[in-house]
Amino acid sequence: MKYLNNIWEVAKRECKILYVNRIYGYCMVVFPLLAMLFFTSLMDDGLPQEMPVGIVDLDNTSMTRALGLKLDGFQNSRVVAHYPSVAEARKAMQENEIYGFLYLPKGTTDNLLASRRPTISYYYSQTSLTAGSMVMKDLKTTATLAAMGVGQATMRAKGLTNQQMATLMQPIRIDLHQVVNPWGNYNMYLSTVFVPGVIMLFMFLISAYSLGMELKFGRGKEWLGMADNNIVVAILGKYLPQALIFSSIIFFYEFYIYGILHFPHEGDMWDMLLLIVLQVFSSIGFGIFIFGLMPSLRMSMSICSLWAVLSFSLAGSAFPMMGMDASLQALTWLFPLRHYYMLYQITVFNGYPLVDAWFHLVALLAFTLTPWFVLSKVKNAMLNYVYIP
Amino acid sequence: MFRDEGVLMFCIVVPLGYPLLYSWIYNNETVHEVPVVVVDQSNSQLSRQFIRMCDASPDVKVACYTVDLDDAKSLVSRQVVKGIYYIPEDFATRLNRMEQSTISVYCDMALMLTYKAIYQTALAVTTQMGAAIKRSVSGNYTARDDLVSSSPLNVEEVSIFNPAGGYGSSVIPAVLMLIIQQTLALGVGMAAGTSRERSRYSDLVPINKCYSSVGRIICGKSLCYLMIYAVMSTYLVIVVPRMFNYIHMAPWLNLLVLMIPYLLACVFFAQTVCCLVHYRENVILLMVFISMILMFLSGVSWPQTSIPSYWQGVSWLFPSTFGIRAYIRLNSMGATLSDVSFELMCLWGLVVFYFAMACIVYTVEMGLSKRHTTERLEVLRKKRAVRLQLKAKKKGSEA
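Residue numbers (my numbering), protein chains in the order written: chain A, 1446 to 1834; chain B, 75 to 473.
Chain A with its partners taken away, still in its complex shape:
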């Protein structure tokens, strides 16, 4: 009972601190909400729509013009200009006017009708990977459709049935199942990792920051005194309000994406709740651990920010982990966001059983418990250290 009372007292004191220093309010509520809003509104379309492409049509026949119209009809591309030469089109790409173009050389139609097998080409730039691959898909489909159209006309002339024509044009058809995210929607793919990543960044930083500020303003002794010099009680009391605030922010986020934006998910509510709890506790645990390792406000915050920024890359959501070097693959285990991402995609996104993600579950639990190793160091720092800027 005494312990609970002390925890309560420390928590009340912490609430006062959170209220007085405005930076907490910004980092725990305003910035996470901003990040939420930013990522979900930035990619609201799901897929980039109407990206500018060009056409270099030196043939200028009804067939090549029809190709241009077809390209314009695609959802992801919009034909913004016709260029007189490839050099001009390339220049337009360098000036950031188009992402790619279709090149139809002179004599395409003539050669096609005379079975001389002309060459048409499409150019696209992969300096922006998303734009490049989207534009490429449309350009490729247009060019392939053009080739098929000719074959179809020939076969119809020979008197083949529709079914025969379909078989001859495409003997083997691919039946694609994009499991859970059938639209290939980038918002559902990126926002579900980057926003939790940003919130995790703030949890790392704030948990190190709030410990460091006790040291900076010399309130460490007062804080420990309220907990009767019991460091476990002191830490539990200190982080209780923070954990509650962060949990409710993340809960709101999940409600926003699943309840309002209707992101697809196969896992149920309990998977999500488990994930929220693990995310909050493992991140706070990591922040305390880093501060305990280096009880200096600046160093611990620098390490935390370095770790958090790197975890966006090492989570392996944009560039898969299997593409990295073996030593890096092992390093990713040290990043809580990696485990969060794996747990999320196995249990919540795909709805597979929790046991298949047991390793990541255990890893997040381990991060939660890391402060245990540095408790005595934190206590020592609070009692004896002096803040060095």
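Worth flagging that the hints you see were computed from the coordinates, not collected in a lab. Ideal Cβ positions, reconstructed from N, Cα and C, are used throughout, including at glycine. Relax, there's no trap hidden among the hints.
Residues from chain A shown here face chain B by an in silico Cβ test under 10 Å; the list is partial: (1) P1497; (2) M1633; (3) F1647; (4) M1767; (5) P1798.
Once the Cα atoms are required to be at most 30 Å apart in a straight line, the calculated DSS-like pairs of lysine-lysine come out as: (6) A:K1603 to A:K1585; (7) B:K208 to A:K1551; (8) A:K1585 to B:K208.
Chain B: place on chain A using the hints.
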């Protein structure tokens, strides 16, 4: 500045170390040999040919075979494989009957790059097999006939500017430019926080002869940051791309023309932002999280034309937006200076804007610290007067 470890870390260590770290992460550029599981219920010569051809492709590796879809699904769930090729029982039968047959591809959509590898490999293999089947039934006489009937139009794919489609080659240039702006803001902000903490009234500008006018303060500080960052940015925009063989097409003169306004804009931007910093550590809380947002606003991860207009507006406030765009076009796409003239103009605009902002900020801060000093002086004078009065009284009473 050099006496402060924190500032030193952000201005020297991070710009030197971060590019190396990121280059290491992305040094393989693309994913190859994505593991898939095959459910081959047809078990025919044609289905085995499909599996063999997929396995032989650079992007996909057939890791397992299972009897049914449920088994395959559990392999995906355990992260052993990233996708399933399902070949139905009637695959070969239908083909032999000259009917269209189907191969089902199931992809784990948690990763876009593996999805693309799995799908595009299946597409390429089936197209190739289809062309062979088409040829065998078409009854042509010559090889040329075969070619024309299977592909009457030759389609050529040209990926320019980043031909391998490497992830690192597309992302790292943006990261390099962003590092310049963010570390400058972190370093300058931290130094500003320190000078506030040293001051009695947490003022930004100390009372000192050297700090007597706004122009002097800003020019002096900027000169110091510029000197350090001239070296750092040379390393970032010229040395790093050559070290890791990223595409580097821009001659140094073009880069110089870009980097001068970019660095100036970043320096003044950092000096404007630093007025927000009250404790030295707060700057970390502010700037680190903005990096992620700026990265997306630059148009590298998400196409510039698809960024909603209100976020476009926000992105115009940051030098990095134009810096990244211009740098990528100059260095990765071989554009000339006239091609990026719009970005350069915007950067010069930002230089003027943030210089003015920095002047305003420092004028206000100087006013504040002057007021605090005069108030303090008043207090001291009053104290002295009171003391003198007391002394006089004492003397009077003694007399």
